[in-house]
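Chemist: Here is how the chains run, residue by residue.
There are 2 protein chains.
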Amino acid sequence: MTRNSQTVPRSQRRARTAERILAAARALFAESGYDRTTIRAVATRAEVDPALVMQHFGSKDELFRRAITVSSQEADEGGQEKLVELLLGILGVKMGEVSGTSLALLRSMLTHPEAAEQVKAANTRQLNQISGAIEAEDAELRAALTVSTLLGVTIGRHLLELDVLREADTERIAELMKPCLEALTGRPAQS
Amino acid sequence: MTRNSQTVPRSQRRARTAERILAAARALFAESGYDRTTIRAVATRAEVDPALVMQHFGSKDELFRRAITVSSQEADEGGQEKLVELLLGILGVKMGEVSGTSLALLRSMLTHPEAAEQVKAANTRQLNQISGAIEAEDAELRAALTVSTLLGVTIGRHLLELDVLREADTERIAELMKPCLEALTGRPAQS
Chain P
1 MTRNSQTVPR SQRRARTAER ILAAARALFA ESGYDRTTIR AVATRAEVDP
51 ALVMQHFGSK DELFRRAITV SSQEADEGGQ EKLVELLLGI LGVKMGEVSG
101 TSLALLRSML THPEAAEQVK AANTRQLNQI SGAIEAEDAE LRAALTVSTL
151 LGVTIGRHLL ELDVLREADT ERIAELMKPC LEALTGRPAQ S
Chain V
1 MTRNSQTVPR SQRRARTAER ILAAARALFA ESGYDRTTIR AVATRAEVDP
51 ALVMQHFGSK DELFRRAITV SSQEADEGGQ EKLVELLLGI LGVKMGEVSG
101 TSLALLRSML THPEAAEQVK AANTRQLNQI SGAIEAEDAE LRAALTVSTL
151 LGVTIGRHLL ELDVLREADT ERIAELMKPC LEALTGRPAQ S
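Going line by line, the protein sequences match chains P and V. Everything in the first sequence is counted per UniProt numbering, starting at 1 for the first residue and increasing by one. Everything in the second sequence is counted per UniProt numbering, starting at 1 for the first residue and increasing by one.
Read the hints as simulated data drawn from the structure, not as lab findings. Incorrect hints may have been included.
Since the list gives no way to pick out one identical chain from another, each pair is judged satisfied if it fits inside one copy or across any two copies.
[Claimed, not checked] The list that follows gives simulated cross-link-like pairs (lysine-lysine, DSBU-like), each with its CA atoms no further than 30 Å apart:
{"hint": "1", "residue 1": "K178", "residue 2": "K82"}
{"hint": "2", "residue 1": "K120", "residue 2": "K178"}
{"hint": "3", "residue 1": "K120", "residue 2": "K60"}
{"hint": "4", "residue 1": "K120", "residue 2": "K82"}
{"hint": "5", "residue 1": "K82", "residue 2": "K60"}
{"hint": "6", "residue 1": "K60", "residue 2": "K178"}
Small disclaimer: the values here were computed from a predicted structure and weren't measured.
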C-alpha cells in the first residue's frame, strides 16, 4: 500500500473544493442573482475561507463564468443523471437576475461576428465537455442541441422578456425542462 | 337536415385549402430553403393553382411568415400529437437555409428594443395559440419554453453557426428534438 491510498491526493482534494465552491456559487447566483451574490456568501455556503474562493477563481466574474459552464472534472464524473442535474443548476443561474454586462455580451455575441467567434470557440470547448459525458449516439449533436436549448430559454427570459417566462418560478422552469434535457442527453427510453 | 350537413361549408373548405398550402410550403421551405422555394412549386405540391396560393397568402414573404407560426386553425385541431408534428414542421423550416432578411430580423429582434417589442407581440399571439393546444397544467409556461427552445436551436444553427448543428441532417435534428417537445407540450408520462 502506498501512502496515497490512505489519504486523498492533494490535487484531488483541490478539485473537490473547487467543485464545492462552484455548486455553492450556482445555488446562490440562481437564488440571488449576480449583483447580490458575494464571494463571502459563496464561501460561507461552501464552508471554506473566502480567500480560498479567490485563490481558486480569482474574481467574481470568473466564478460566474465558471458557474455557467460545465468543467471537464464535472463532465467526467457521474454519468447522465449527474449531467442533467448540472445542466439544471446552470439553467438556474441563467434564469436569475443577470448583470447588464452579461446581457450586453449575449446581445453582442448574436450580432458581432468577432464576438460570435469568441463565443463559438468557448461553446466548442463546452460542447466537447458535455458531449464527452453523453453516452448515447450522436453525442456531439445532442450536446449542441442541449446548449442551444438552454440558450433559447435564457434569451426568452432575458432578451425577449416573454412575460410568462419572466414571471415563472425558476424551480418550475427547471422541473419542466428536466425531461427535455434528459431526452436530449440520451436517457434510455422508459419501458 | 340542413343543406350544409351534406356539403362542407365554403369557409371550412377555404381553411382546409390554406392548411394544405401551408403544409406544402413547410415541407418545401425545409427541403430547399427560402430562396429556392417558389410559389409555383408550393402550389404543385399542394395540388392547387398558383393563383390560389397568392389569393390566400399574398406573397412568398407572408407565406414564409405563416409557415413558421402556428395558426389558430391548426392549434385547435388534433391535440398534442398533432401539435408536436406541427412544431417539428416549423423547426424543419427554421433549420433550412433562411434568407439574409430573416437572419437580419432575428438579429435585430435580439438587439433593438423596438424590433423586440414587435416580435414580443407576435410571439404573444403565437404563445396563446400554442398554449391553447396544450392540455397539461402550466400551458402558458410550457408554450413559452417550447417557443424559446425552438428559437435556441435556430440561433445555434444560423447565428452561432455551431459546426455540428450546421452539418446535421434536418431530419435527425427533428428526431432528437421530438421527445423534448413532447415533454414540454405535456405528453403524459409513459408507464
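Chemist: Hint by hint, say whether it matches the structure.
Modeler: Verification of the hints:
no. : hint           : verdict
1   : K178 with K82  : both (12 Å within a copy, 23 Å between copies)
2   : K120 with K178 : both (25 Å within a copy, 26 Å between copies)
3   : K120 with K60  : within (23 Å within a copy, 33 Å between copies)
4   : K120 with K82  : within (25 Å within a copy, 35 Å between copies)
5   : K82 with K60   : within (25 Å within a copy, 47 Å between copies)
6   : K60 with K178  : within (28 Å within a copy, 38 Å between copies)
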